[in-house]
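**Student:** Chain by chain, the residues run as shown.
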Amino acid sequence: MSESLSSGQGASRQRPLSPHLQIYRPQITSALSILHRITGFAMVVGTMALLAWLWGAAYSPPLFAAMYAFFVHPLGRLLMLGWTFAYYFHLANGVRHLFWDAGRGFALDNVNRSGYAAVVFAVAFTAATWLFAVYGVRI
Amino acid sequence: MNGKLLTPLARVRGLGSAGSGTHHWRWQRLTALALIPLSLIFVFSVVFLVSSDNEREVAVWLASPFFALMTMLMLAALFYHARLGTQVIIEDYISRACLKAALLAANSFIMILFAAMSMLAVLKLHLGFQLFL
Numbered sequence: 001m002s003e004s005l006s007s008g009q010g011a012s013r014q015r016p017l018s019p020h021l022q023i024y025r026p027q028i029t030s031a032l033s034i035l036h037r038i039t040g041f042a043m044v045v046g047t048m049a050l051l052a053w054l055w056g057a058a059y060s061p062p063l064f065a066a067m068y069a070f071f072v073h074p075l076g077r078l079l080m081l082g083w084t085f086a087y088y089f090h091l092a093n094g095v096r097h098l099f100w101d102a103g104r105g106f107a108l109d110n111v112n113r114s115g116y117a118a119v120v121f122a123v124a125f126t127a128a129t130w131l132f133a134v135y136g137v138r139i
Numbered sequence: 001m002n003g004k005l006l007t008p009l010a011r012v013r014g015l016g017s018a019g020s021g022t023h024h025w026r027w028q029r030l031t032a033l034a035l036i037p038l039s040l041i042f043v044f045s046v047v048f049l050v051s052s053d054n055e056r057e058v059a060v061w062l063a064s065p066f067f068a069l070m071t072m073l074m075l076a077a078l079f080y081h082a083r084l085g086t087q088v089i090i091e092d093y094i095s096r097a098c099l100k101a102a103l104l105a106a107n108s109f110i111m112i113l114f115a116a117m118s119m120l121a122v123l124k125l126h127l128g129f130q131l132f133l
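Sequence lines, in order, name chains A and B.
In this text, residue positions in the first sequence follow the numbering used here: the first is 1, and each later residue adds one.
In this text, residue positions in the second sequence follow the numbering used here: the first is 1, and each later residue adds one.
Think of the hints as simulated: they come from the structure by calculation, not from any bench.
It cannot be assumed that every hint is accurate.
Pairwise CB distance ranges, derived in the manner of DEER restraints [as the list claims (entries may be wrong)]:
hint, chain 1, residue 1, chain 2, residue 2, range
1, B, V60, A, G136, 16 to 22 Å
2, B, Q130, A, L17, 58 to 64 Å
3, B, E91, A, Q14, 20 to 26 Å
4, A, H73, B, I36, 29 to 35 Å
5, B, H23, A, F106, 20 to 26 Å
6, B, Q130, A, Y24, 53 to 59 Å
7, A, W100, B, L40, 17 to 23 Å
8, A, N110, B, F132, 52 to 58 Å
9, B, F132, A, A107, 55 to 61 Å
10, A, A107, B, V12, 36 to 42 Å
11, B, A63, A, I23, 57 to 63 Å
12, A, I23, B, H23, 33 to 39 Å
To be clear about the criterion: a stretch of chain A counts as covered by chain B if any three or more of its residues have a C-beta under 8 Å from a C-beta of chain B, and this derived list gives those stretches [as the list claims (entries may be wrong)]:
hint, stretch
13, 56-67
14, 91-102
15, 121-134
Reference excerpt, derived from the structure (chain B facing chain A, CB under 10 Å, subset only) [said to hold, decoys possible]:
hint, residue
16, S39
17, L40
18, L49
19, V58
20, A59
21, A121
22, K124
23, G128
Just so we're clear, the structure is a prediction, and the values are computed from it rather than from any experiment.
We put the beta carbon where it would ideally sit given N, CA and C, even for glycine.
Construct the complete structure from the given sequences, taking the supplied hints into account.
**Tutor:** Here it is in structure tokens:
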């Protein structure tokens, strides 16, 4: 990032960067890498909702009622669906990261296959959780 | 593997290149490992409770010492893991030094505050039920 290298102050002259996002085609590797960060941050927001729910259950019936109303509202349900996917994806991709930290699975075909597997896992478990919990589907 | 991945000079200085980068890296992985079972237990417990408008059911679930303990351990690992993760996000995207320092401090304070609040709520529900309050 040339902005931070040019000087210590924030208002340095804008220098041109070589194009990157505009020309580099997204791949499963780069897409899942940023998705891991995005889902992580999305869950930070979701954790605040979790905290409000817990605090309401412990100390504030009006807060708990508000959280319940939020969860059953269509917008709330949409966010909960997103947070469910964020959780399962971050979990699966996190395990993928832990294998890399152990030095395994770096071959390119392995990286691609484990990447697709993480997405499939996340979608499947999100669907299963919702069918099971929200719609009462039992196999 | 030796305990610290340091050159002889670094070992003498007592710091890595980022001061505490290895520590951050190690604890991000440790909390991640702990969160695998802890978060799964938590999610499978909560998934039914969320659709209930009766807060007494939350208290009944947390009355169990096992679930209260698992939840508190999960919350500790979660907020530490989240704090480390958002720290990296701030370090990556904020270049102005004073803003970065302020956000990093705020990040730590907020995560610690939320951790304390969530633990207090769990304790209150658990002890309140156990002591029939």
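**Student:** Okay, which hints does this one fail, numbers in order?
**Tutor:** none
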